[in-house]
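S.K.: With chain A held as given, fit chain B onto it using these hints.
Number of protein chains: 2
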Amino acid sequence: MITRNQNIANLKAGYLFPEIAKRRREFAAAHPEAKIISLGVGNTTEPILPHINKGLVEGAKKLGTVKGYSGYQDEGMAQLREKISSVFYKGKFSIDEVFISDGAKCDIGRLQTLFGAGTKIAVQDPSYPVYVDGSVLVGAAGGWEGAGYAGITYLPCTTENNFFPNLDLIPQNSLIYFCSPNNPTGAVSTRDQLASLVKAAVEKGCIIIFDAAYSEFIRNPSLPKTIYEIDGAAQCAIEVNSFSKPAGFTGVRLGWSVVPKAIKYSNGESVNADWARIAGTIFNGASNIAQAGGLAALDDNGLKEIRKLTDFYLGNAKLIRAALEKQGINCIGGDNSPYIWAHFPGRDSWEVFSQILEKCHVVTTPGAGFGPAGQSFIRFSAFGHRADVEEACRRLGSLM
Amino acid sequence: MITRNQNIANLKAGYLFPEIAKRRREFAAAHPEAKIISLGVGNTTEPILPHINKGLVEGAKKLGTVKGYSGYQDEGMAQLREKISSVFYKGKFSIDEVFISDGAKCDIGRLQTLFGAGTKIAVQDPSYPVYVDGSVLVGAAGGWEGAGYAGITYLPCTTENNFFPNLDLIPQNSLIYFCSPNNPTGAVSTRDQLASLVKAAVEKGCIIIFDAAYSEFIRNPSLPKTIYEIDGAAQCAIEVNSFSKPAGFTGVRLGWSVVPKAIKYSNGESVNADWARIAGTIFNGASNIAQAGGLAALDDNGLKEIRKLTDFYLGNAKLIRAALEKQGINCIGGDNSPYIWAHFPGRDSWEVFSQILEKCHVVTTPGAGFGPAGQSFIRFSAFGHRADVEEACRRLGSLM
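If you read the protein sequences in the order shown, they are chains A and B. Going left to right, the first sequence walks through residues 2 to 401 as the working numbering numbers them. Going left to right, the second sequence walks through residues 2 to 401 as the working numbering numbers them.
Honestly, the hints are just simulated from the structure, not real lab data. Nothing here was measured: the structure is a model prediction, and the numbers come from that model.
Heads up, simulated EDC-like pairs for lysine to aspartate or glutamate below, C-alpha to C-alpha not over 20 Å straight-line:
no.: 1; chain 1: A; residue 1: Lys-23; chain 2: B; residue 2: Asp-75
no.: 2; chain 1: A; residue 1: Lys-265; chain 2: A; residue 2: Asp-97
no.: 3; chain 1: A; residue 1: Lys-63; chain 2: B; residue 2: Glu-47
no.: 4; chain 1: B; residue 1: Lys-23; chain 2: A; residue 2: Asp-97
no.: 5; chain 1: A; residue 1: Lys-84; chain 2: A; residue 2: Glu-230
no.: 6; chain 1: A; residue 1: Lys-360; chain 2: A; residue 2: Glu-392
no.: 7; chain 1: B; residue 1: Lys-36; chain 2: B; residue 2: Glu-359
no.: 8; chain 1: A; residue 1: Lys-13; chain 2: B; residue 2: Glu-270
no.: 9; chain 1: B; residue 1: Lys-13; chain 2: A; residue 2: Asp-275
Bound-form chain A, shown alone (with noise of 0.2 Å):
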């Protein structure tokens, strides 16, 4: 008979968000007269706005159409591609350099396949599950060692460095999986730390995953929403974005990931050739309805749109912040991202976790489940319709 992937194998227990919804489960069925509020998984809530969904409604009439019918389109619509460049990079990446997805984490998961089994991969710790168990799965890491997997280079945010990490930790010729505005602490980098992460990357030898997937949540101007706008970047970066959390497109998924051809393999051989290989052998392409959305998104009306619907979830992870700050708890996040990261000093993370879920009939997410620096945190997430987030809020203020 077939054997068990060994990588599968060395996943430990399930992925983080399903492990939640199985606590809340258990937690409703044992208690039915609950109403829970979800603080938890980052998935989107408020209805897309009208120009942006009127771009979804003509891509999906246009299929029905002769003229408006389109088929596969494995590396996305050259509209959407060259849009995406002029809008987020100045028009700085040619339309072969933009690949359209079908959202960061899928596009996270076909990236790991471009370095493989024997790649050295150093993440930002606490980190978003997907770059630690997309690395284990294809062999980039090995078992789980009680505090963090083999082969894998753990780098701690933590309150002492003030959420960016000592750099110096990073092995040469590694994958560096870097997140800003960060997921889950909600930190944003400045610039200064983005030029030291970038020199670095250039010093050792390594190629950067970018995820910039909460960069519309940026208000501070003079924090970057890319990694290209330090120089040196496009030779050592590959950044990956998504509509999901900007348009509320979490279930309409589309994403994108700039792959620039200057980056390059030790024989000098380039890594945007692979990955158009790869699109091209295991990925069919996005949805061209998600797609000709993507377009509406992108348009001035569009963008006024994502400006809307930003500022409503900022507004909520004020809400959260001022109401947790007022319990004494110390929180990082929320103004320039949609997640507050507060800290429980000397806790454990699940049993933080549990006390709210039964004390406010809140779910929240455990720092450690998003890595061993994620111990005595929980992240909030500002996702949820207002009246729930103000429920939510009231409850939290009789938390400690």
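M.R.: Quick look at chain B alone, frame taken from chain A:
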């Protein structure tokens, strides 16, 4: 610096269809007056029919409303999973055995992750490229050896064996890729043939990945439309399928896989549980708009439209096959599948491809692109507007 994944280096040249597109572009550039017609890549051309299209449009509209909005749905809408089980499998599978995907090709790419680098692979030859290329990407196959990849057992499907392979060639404990109705040959396996395949898989401890993407083109009622019509298949076969061809969703992106809970690895662990874990880790679900369209496609009116659309393409297939046979060319397929497999004995299929392009201005797919046994064959795809197919048939009248 980071080294290239050796698995990618092992992949030879380009993916088949981009290579064909390149040759087409080069021919068009050299012959700007030529009105090229494509019977090459299997890309659907006809508008989505009204009832199914309405499902998509309503799905898009819903997302603009507070009540209808939805976000992440990793494993797919429960209602759609249930409907797939009832329409295609007489309700035999529970919803947690049916996984919604963004298409069969992407799912096959991910399915390979279940078994990984050590797996022995057996494929029909010729075959749809992703079975082999995906196996190379996960390291289950090695380098190109002139007539195939190291570590892959090719099961020739030829005129001599009536396009059903000799099952004695299948190695013990291997992963078998099998496609019926077959792409590219258009051959459909009989019930007895599939029963012998399941028997061989059980006896040899193999798992079958059964690609049923063309099942809705079957018109002969005695031919099985799913591997699960065969006793014992639920213990050894995963089935992948897609809305791409029957509903015209090539650009919409929607498919599914069935991973029965009865399938186990050699250590007794559940393949289904791992598949759920992979879906949750490196995939984020199909577009909810596509899923709304999928639901519409599976109600009574939708199923009528599927019948109408597949009838239309089968009508094309009949014309193409008749035109080729009139030229004295031996063909199979096109009666219960949208592909016609035409034999040009003793000739190189890329050379025949070039001849048809130059003489008739018709793009086809050279059989050798699908594997060693495809040499001297050409695949004609029945996906095209009727007027184009008729014109292509006229031009083929002067081929020989």
